[in-house]
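Novice: As you go down the protein sequences, you meet chains A and B in turn.
Per my numbering, the first sequence starts with residue 1, numbered consecutively.
Per my numbering, the second sequence starts with residue 1, numbered consecutively.
Keep in mind that the hints are not guaranteed to be accurate.
[Unchecked claim] Calculated cross-link-like contacts (lysine to any residue; reagent style SDA-like; alpha-carbon spacing at most 20 Å):
id	chain 1	residue 1	chain 2	residue 2
1	A	71	B	454
2	A	129	B	435
3	A	67	B	460
[Claimed, not checked] Facing chain A, from chain B, some residues (calculated, C-beta under 7 Å):
id	residue
4	436
5	438
6	440
7	443
8	444
9	445
Hints are computed from structural coordinates only; laboratory data are not their basis.
All C-beta atoms, glycine included, are put in the ideal place defined by N, C-alpha and C.
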Amino acid sequence: MGKDIVATIKENVIQGRKTQEDVGIDESLTGTPGVMELVQQALESSISPHVIITEGLTAGMEVVGEKYSTKEYFIPDMLASAEAVGAAMDLLKPILESSNVETKGKFAIATVKGDIHDIGKNIVAILLKGAGYEVHDLGTDVPTEKVVEFVREEKPGYLGLSALLTTTMTEMGVVIKALEENKLRSSVKVLIGGAAVSEEFAQEIGADVYCVDGFAAVKVLEAFEIAKS
Amino acid sequence: MPRKGILVHRPYERLTREQVELIHRASMQILTDPGLISFNREAVDILHSHGAAVESMAGDRQNWQVKIPEQLVLKALNTAPKTVKLGARNPDNALIMHGDEPRVYFITGSETNMWLDVDFPTYVNKADPTREIKIPEFKPRRGTVDDLCQSAHVCEHLEMVDGYIRTVNIQDRDITEDNKDINKFFASLNNNTKHFMSGLTSLKQLDNVVRMAELVAGGKKALEDNPIISFITCLVKSPLQFVDDTTATFIEVCRRGLPVAVSSSPQAGTTAPIKEAGIMAQINAEVLAGITLGQLVKPGTPVLYGSVPVRARMDTLGDSYGSVETSQYNIDCVQMARSYGLPNYSTSGVCDSKIPGQQSSIERLFSDIVVAMSGPQFLHCAFGLLDCNSVFCLLQAVLDDAHFKMIEFFLRQPRIDQPELEAMLKQIREVVATPQKLYIGHIRPLLRSGEISGIYPFEGSGEADDVFELAYERMKELLARPVDYIDRKTTARIFEEIHGILPRLNIYERGS
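Put together the whole structure using the sequences plus the hints.
Specialist: Next comes the structure, spelled out in structure tokens:
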């Protein structure tokens, strides 16, 4: 029974069905429980959060990743699955915290001052949340002081900075300089992304890494987590 | 259920109603002054017996001036069917064309002498030998019956190909004028279940070809109901001349009641005036003259208003199918045919470029889009053809199929109605209220429904231009798919009754 629920969670992650109202790839599933309802059922059946995460959510996302790499799935499919996993993680978070289970890192993301473009930022946030990170979205046109303050108070392990415009990308360097001045730079890995920026630009302003897209961000963070452990 | 083709809801038209009428009037005047020169005696007799004025002309070869009165043309337009069915071995591949309905069917052709092979040799960077690149090399050679089989086979599996006109002239050592027609018809019909249209090399083979079609269709009546083959005849040579042999073929095809495209191919600047008004008045007169003759031979003969107008190149005076004017003439012809309520056979996609590449893509895609937008019924769209229709390349045909998929999508009717807009307003309000404000979640139900156009199928990875290599892989994949051959019993009967078909074309006897 327990195994069946976990397998169904995995299948619904692959289908990208957060709730029972969602339409997956297989339309016949519409109306049947989605990931959130299934996770709730699993918890009520005393299945451990660790099993739900590893054998249900993460295992499902791995299949989704494979399907994306073989072009069977598209970004909207990936995002639907990531959103389902993100919502499930919100359900599991209090239980994980009360049982002192170590979670993945804390990730803050912001579109820098002067820039209101947020499609890429939002996609990165959804994908990382789906990958199990605690994501804090600081929004768009975020003043440098607000970013610095967040890093000081919340101590995220990772900071993502986004900019679309050549006129605003320089603000990324301003944020990094402010982190240095406040002696916070070594506490946080800075990832940058956006249409205007590049690998060279990341090196120039002293960012830790440039991510070409949201999938790259997931990979980069996984690598950092492995190195950390 | 016949093939759907693409219904063009609001066809692009260049001519006003008044201009259509002016062209018609000018064509009627041309048919009486100067009329046509006929090198075919029988055509002269038929037209004369129905009221055309005929006068013998001086010259090395016997010829007559024929003046066709307007009432004869109008009578022919009255008896010519307004709906023409082109059947198919697989009845689901039949084409139904209504003269007043702008619908596009993509058809291959014409016949080329040369076949273009492609290979991908690897080149190494002199400065950095670790860097390699594959560059396509194209090698032309004379076409063979095996090539025709391959072409028919691939076109069978290409989704956007609605019908098949033989693409390559078979020039094997064992092909003669006497056995060419039966071999090209058998090779095409055996490897392709879509409608097959062809010209005839020798009138002597007409009855063998028709008998072959009867055997494949299931008898004389079955062929009548499901005409799996049709013919194309260029009986009029521009300017305004009935050619002896093709006119004789046309008359005999009409007597057998099978569908036939009456095609004229004037070249603006040499065999027709270079100005649009002039070539249009002339080509319309030429096509109407052919249709009139056909309806006098056998009223009710299913005919297509065939048009292959082209502008001359100014540097060589050869055909310039890639010129913009060529597309304009073809669109005008579509409109003229529709004004008569006749199904149209129009032309697009022919390019001046000699090999697949940027020039080829630009030239063919430009005319394919604009002519398709005019809603010709039977679009002879130069599938795979290059170098002004003198070379066929299977790789190009695979590329063309992808282009036509895009055109098909483009020609879809917009879905904008009250329920749709209400659903969209609901969606907009919902999404705007979310923190992320992204509509991506609403894409998903449409992703696999066909409502969103696909990525170009031959897109390379990264910055690499892998179009040709990917299309080549697709071509090989299509060639590896099975063919729905004519069944063993019918094949045996065809070989028994019709002599001269190459034994190697009998897949049941060749032992492989």
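Novice: Should the interface hint for residue 440(B) be scored as holding, given a Cβ-Cβ cut-off of 7 Å against chain A?
Specialist: Holds - the Cβ of residue 440(B) comes within 7 Å of chain A, reaching about 5 Å at its closest.
Novice: Under 7 Å, Cβ to Cβ, is where residue 444(B) needs to be relative to chain A, so tell me if that hint holds or is violated.
Specialist: At about 5 Å, which falls below the 7 Å cut-off, the nearest Cβ of chain A leaves the hint on residue 444(B) intact, so it holds.
Novice: Holds or violated: is there a CB of chain A closer than 7 Å to the CB of residue 445(B)?
Specialist: holds (5 Å)
Novice: Holds or violated: residue 129(A) and residue 435(B), Cα atoms, limit 20 Å.
Specialist: holds (15 Å)
Novice: With a cut-off of 20 Å on the C-alpha distance, tell me whether residue 67(A) and residue 460(B) pass.
Specialist: Holds, at about 19 Å.
Novice: Quick check on residue 436(B) please, does its C-beta sit within 7 Å of some C-beta on chain A?
Specialist: Status holds, d = 4 Å.
Novice: Does the interface hint hold: is residue 438(B) within less than 7 Å of chain A, judged Cβ to Cβ?
Specialist: Nearest chain A Cβ about 6 Å off; hint holds.
Novice: Report holds or violated for the interface hint on residue 443(B), using the least CB-CB distance to chain A and a cut-off of 7 Å.
Specialist: Status holds, d = 4 Å.
Novice: So if I understand the rule, the pair passes when the alpha-carbon distance is 20 Å or less; does residue 71(A) with residue 454(B) pass?
Specialist: Distance of about 12 Å is within 20 Å: holds.
Going through the hint list in order, the structure satisfies each hint without exception.
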